[in-house]
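Enquirer: Chains as they are written, first to last, in this note's numbering: chain A, 36 to 293; chain B, 278 to 674.
For the record, the hints were derived by calculation from the structure and aren't laboratory data.
For each residue, glycine too, the CB sits at the ideal point set by N, CA and C.
Incorrect hints may have been included.
[Said to hold, decoys possible] Covered by chain A, according to a simulated footprint, are these stretches of chain B (three or more residues, beta-carbon under 8 Å):
(1) 320-334
(2) 511-524
[Claimed, not checked] Stretch-level coverage of chain B by chain A, calculated; a stretch enters the list once three of its residues show a Cβ under 8 Å from a Cβ in chain A:
(3) 404-412
(4) 546-558
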Amino acid sequence: MESASGSSLLELDRVSVHFGGLHALRDVSFSVASGEIVGLIGPNGAGKTTAFNVACGFVRPSSGHVHYPAAGRSNVRPSELARIGVARTLQGVGLFPHCTVLENVMAGGHIRAGGDFVTSLFALPRGVRSERGLRTSAMAMLERLGVANVATQMPSAIPYGVAKKVSVARALMSEPSLLLLDEPASGLDEAELEEFAALISELRSSMGVLLVEHDMEFVMPLVDRLVVLSFGEVIATGSPSEIRAHEAVIAAYLGVDE
Amino acid sequence: MRGVRSNQRIVAGTALGVAAVLASILGVGTARAATAFSIASVAFVAGATLLASREFRHNHPVAARAAISVLAVDVSLVLTAFFSATVDDNLAIGAAMSIVLLGLSFLTGSSGQISLGNGAFMGVGAFTVAVWANHHPTTPIAVVLVLAVVAGALVGLLLGLPATRLRGPYLAGMTLAFAVAFGAVLNLFGTWTGGDSGLQLPAAVNAPAWVLHFFKPGTSSLTTNSVWLVDITIVTAGIALFFMANLFASRTGRAMRLVRDNDVAAELVGISLPRARVIAFIVSAAYAALGGGLWTLINNAVTPSTYGFALSVTILSLVVIGGIGTIPGALIGGLIYAFAANVIAWFTAHTGLNPQGNVASQLNGIIFGGLLVLTILFAPTGIAGFVRRRWAAWRAR
């Protein structure tokens, strides 16, 4: 596996997933290193979402392994991801509908918030202080993404593009070293797409990014490397210019007869 | 400007305090009881003055929660001295019910799980108190109540573990099975629990010697057994209220709401779903057991039939009527429960119905069922949610 820069953060090692007789993924291997943006692309039903879910521990591989080399862990449960420095956004916006925007972003810092059940029950100073700190840093994160004005709103009351930024703000609150973005471009207009692309490339300086995306115009100029899936198999990996010229990829996308 | 306002508040508060002291001296008669009421009034004024400051509420959230709890207890304690013994008794039953409702409100409102077994969790606490008191009559009440809480928490843990794998109707089914099986389990250990007839406490709970000494027996209603029981129930409810407010406002409470709102996203921010769900179950069961334990003290006895399935349904109805997932909602639910007993008593007295008869025994169900239907139709967020919305609309005008 080639790694453009930095240390390896995520490695899928010959991962296969069967749902009954259906092969969703077959011997899929790829990696993401710190400081690079990797795009996972492929036609509908190619297994992108399954690959993403395997990487997050929501789907167990039927064979093969998922490694997080930087954290020294393998095959983790989803609830452990945040603690090993992995954050993920969900398709759509995936916000908590009955919590304010600010609470949504505070939720992202859950693992940083101090205090167990007893601290909560007795309202010990440690817990109260840490909640206050979390609130402050969540507010700062909203400001950083330019959406602090909606802090007290409910997610249903804010525009889609803003909600997407809030979902990224939530993901960044855990200070991840690897960020997984599930269809970050979907539903955004031209101006928002540009803003989002700028935001994601800016993140590259402090983390690795893996994104699943349909929108090629959004992906191509943004990523360092592409992994192309078709019918559950990796048919190509390489830089955007390499992939653009790759015959198998063109065939998979355009359905050319062989 | 702010300085002027807070001065006005202090003047108004002091005037109120003096008036309260005068009123209590006139109303109560004995100097010592008046002293107690004066202290209560001063505490009320001090607390209310602090709470009136937005700055204080913002900078000291925990102290503000404590002040609210103290104020609620303070006012309730003073009021009990003016009510009749029957009303007091009903209020105590209702205050204990409030504790149970707080627990279920946390489970259902915050973590989004449904329980039809909280009546049985109450029973666990009720029987823990009765059995323990019969074997160790000298144990202080506070300790016995803590034992009830621990017993409830343990049973909650036992039931919560399998519950982490169940959702919606299946979870409701499992807790229902627990509620139905509870009576049979009690019978199984009939030598301990007294079988169908239940248990009597070896002695009625009375105020300790120092309280009796302070108020001098016979000079004040405060020393009677019924008022004393009301007082401990109210104080316990105040403490339970404070802790629950802490939970709601804390990281734990937020984690519960996140799990309820979007469990996938909750996992991704690092919350273990089974852990969160078990904690909610334990808290809910412990609160229910505390309420049940208080019921045993208030009634001086416990019978298994009290803790049947119907009680669990009543508890769930009351949480919905009051306002699910809110603290005022639990208190409102408790008051309605207390009040319902009075309404039934009034109704049977004026219609000549036999209070022990078949019709009268169904009135509870009719009242709660009717209220539940009205709530769901006209105030889906319960009375607390309804009032809050109206209040916000009124202020926005």
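Enquirer: Next step is simple, just say for each hint if it's right about the structure.
Expert: Hint check:
1. 320-334: Per the Cβ count (0), the hint is violated.
2. 511-524: holds (count 3)
3. 404-412: Since three or more residues must qualify, the claim that chain A covers the region 404-412 of chain B is violated, with 0 doing so at under 8 Å.
4. 546-558: holds (count 6)
Hint check: violations occur at hints 1, 3; the rest are consistent with the structure.
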